[in-house]
Every structure is written in C-alpha cells, then in structure tokens.
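Using the sequences plus the hints, can you model the full thing?
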Amino acid sequence: MTQPAPSDSDAQNAVPEDTDGPWVFAPAPTAREASQDLTRFLRHRLNTRKVRVLEALKFAPHSWIFSAKLNGEKVVIKRFFTEDHARTVRNLKGELDRLEHLFGDSDCQANKCLATWPEDGIAVLSFAPGTRLDLKIARSKGQSRAKLLAHSGRWLATYTATRRRDATFGPGYWIKQLRARDHSGISTSDRATLDRMIAALQSQTDRLKGCPVVQAATHGDFVGMNALYHRGTIYGVDIQGECWLAIAREAALFLVWLQMHDPTRPAERRHGIRSEDLSAFLSSNVLPDNEHNTTLPFFVGYHLYRLFTANHHRPDIRANLLAAMESYLSQHMT
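So in the working numbering, spot 81 of the sequence shown is number 81, and the numbers just go up one at a time.
Fair warning: there could be bad hints in the mix.
[To be verified] As a list, the in silico DSSO-like pairs of lysine-lysine whose alpha-carbon atoms are at most 27 Å apart: (1) K69 with K93; (2) K93 with K147; (3) K58 with K74; (4) K112 with K93.
[Said to hold, decoys possible] Restraint-style ranges between C-beta atoms, simulated for each label pair: (5) N293 with E326: 16 to 26 Å; (6) A161 with R314: 27 to 37 Å; (7) A161 with D195: 20 to 30 Å; (8) A192 with D84: 34 to 44 Å.
Worth flagging that the hints you see were computed from the coordinates, not collected in a lab. Where a beta carbon is used, it is the ideal one built from N, C-alpha and C, also for glycine.
Below you can see the structure in the form of structure tokens.
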C-alpha cells in the first residue's frame, strides 16, 4: 500500500485506521451507494474526514471511476473488479510512477499515482485539468490545429522513447483479427465496402511481411478522449499499465479516431486521413521514416475497418468512416 500522509488538521476528526486485510465492501448497485462506500473507505484508510466523492465518471461492472476531493485536492478514484485487480493496481502504479519520472516538468504529462490499495483494487490519482484533446483539436484551425497534432505526436514519442524494440511485421495476424470481428447488423452495401478493405489490406501483405516495425511500451489506447489539454500541456489519462504495441498501431489509432469524430470535410486525404493532420502528427518524429509508407498505412486501414464494425450503428460515425474508407480504397485498392 502507498498513501499520502493525513493532514494534521484532521487529527481531531480522525477515524482509527485499520490496514489489516482488504476492506469488505457491501454490494453497491448504484453509483450513489458506491460513492458512499468509497468515502467511508478513504476516511478509514487515510485517517481523515476531508473526503468528498463528487461524481461518477464511469460506473460499470468491471470498474468504477469517480472524481473526488481529498484534503481539498481534486483527485480521481479508480476501483477495479477483475480477478487480478491487485496486479492491475500495481501495474497501474508502476507505469504512472515511470511516466512521472519520464515526463518531468515538460508539456507532456499524465496522471500521478497518489495512493493505492492493491488488495482492494483501489487507486487514487491526481486530477488532470483541461479540455478533452479531441474537442480542442476540433475547435482549432490552421496552424493552431497543426501545433496540437504535432504536440499529440510528441506526447506519444516521449512516452515511447525509452522502451522500444525492433521487430518484424506480420500483417496476416491483423487481417485474421478483422475477419473474426462481429459483422452482425451491417448492411449488405457496407459489408461490400469492408470486403474491399480486406482486399486492400491483403494486397499489401507480400510487400509488408517481414518489414521492420518498432514496438514500444505505450498508452495502449491513445485517442483524443483519453487526453486533456490545459495551458499548453497535454495530459494523458486512462493509462492502465505497461502495454507493448507497434508504435504505428498506436499512431494510426489516434489519427483514425480523430477522423471518425472530426472529418473536417472537404479536405485532401492520405490513407483516408486528413493530409494536414497526418503530416503534422508525423512531424513529431514519433515514427521512423521507413514506417510512414509501410506499417502506418496498413494500421490506418486496420483501424478504419475495426472501428466501423464497432460503431456502424451510429449514423454520424458510420458516414465519417465510410468516407474515410472510400478515400483509403482509392489509394490502396489495386
């Protein structure tokens, strides 16, 4: 267990601390009851009355996320319900501690881990301020937008700078994953577009099989909704632990996710992505030059397909992704 020291001013209201064994939570079928449980837990463990759980940011069977105030400081409380929740919390703390050292005082940041109780599946993190990065980008134009894209690429480049390894690419694995996705409810015409996407990806396999690919410890889900922008700094959030992926896969996800939510029509596109966004993001040197026309385009196509199957029921996203796929196919279909 790691925890901050209690405030001296809380001594007169302190609840005696008992740290033997995991806390026994009663079933909490509602967010309100869950917040009450977390309040009691933190007051007991931290020996302070200055705990106020504010809002449920996520309330799901496998995890809770609440904003709160602890000794006057705004924080985020996470609780995990996985079978290996103790390891999940330890991995979370280990990764965030590494990032705190890696990012230092730069304009690339992440939540800091303030306290953990692994056996209870609970972590308390610093609160990241600002506007969601995707919304900030969507509201920006010209050089302002380009700077945000470059900064986003630099955030990922900084994260992945110290833990990298060289590997060889196997595109067949990723195509097999796409074929296995749930296609139920997708119209005949949309399924035909997806079949063309598979063909376009398949046509790249001979050229890409065995080509160099750089893998790194990375966020794992670096998209605009998992980052905040505040006064010139990008804060990455929802980091779960050490996650090794191809950097090209992570970069492509950021760009495709942005494209499907913010199409900025009309615009020149490359690989289905707004060309200016792509160029600005890659100007950060997040990805080796040799992967700009090998693994990156492949993973853009992969994510276009994957995210379409997951979001085809949403008319706005469906339209954005169909337009992006048609642009991709015009460049990659042989």
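These are the hints, each one checked on the structure:
1. Restraint check for K69 and K93: the C-alpha separation of about 20 Å stays at or below 27 Å, so the hint holds.
2. For a cut-off of 27 Å, the pair hint linking K93 to K147 is broken: about 31 Å separates their Cα positions.
3. Simply put, K58 and K74 have alpha-carbon atoms about 17 Å apart, close enough for the 27 Å limit, and the pair holds.
4. Taking the CA atoms of K112 and K93, the gap is near 9 Å; set against the 27 Å cutoff, the hint holds.
5. Judged by the Cβ atoms, the range 16 to 26 Å given for N293 and E326 holds: they are separated by roughly 20 Å.
6. Restraint check, A161 to R314: a C-beta distance of roughly 36 Å satisfies the suggested window 27 to 37 Å.
7. Against the hinted window of 20 to 30 Å, the Cβ-Cβ separation of A161 and D195 comes to about 39 Å, which falls outside the hint.
8. For the hinted restraint 34 to 44 Å between A192 and D84, the CB-CB distance of approximately 42 Å keeps it satisfied.
Against the hints set out earlier in the document, violations occur for numbers 2 and 7.
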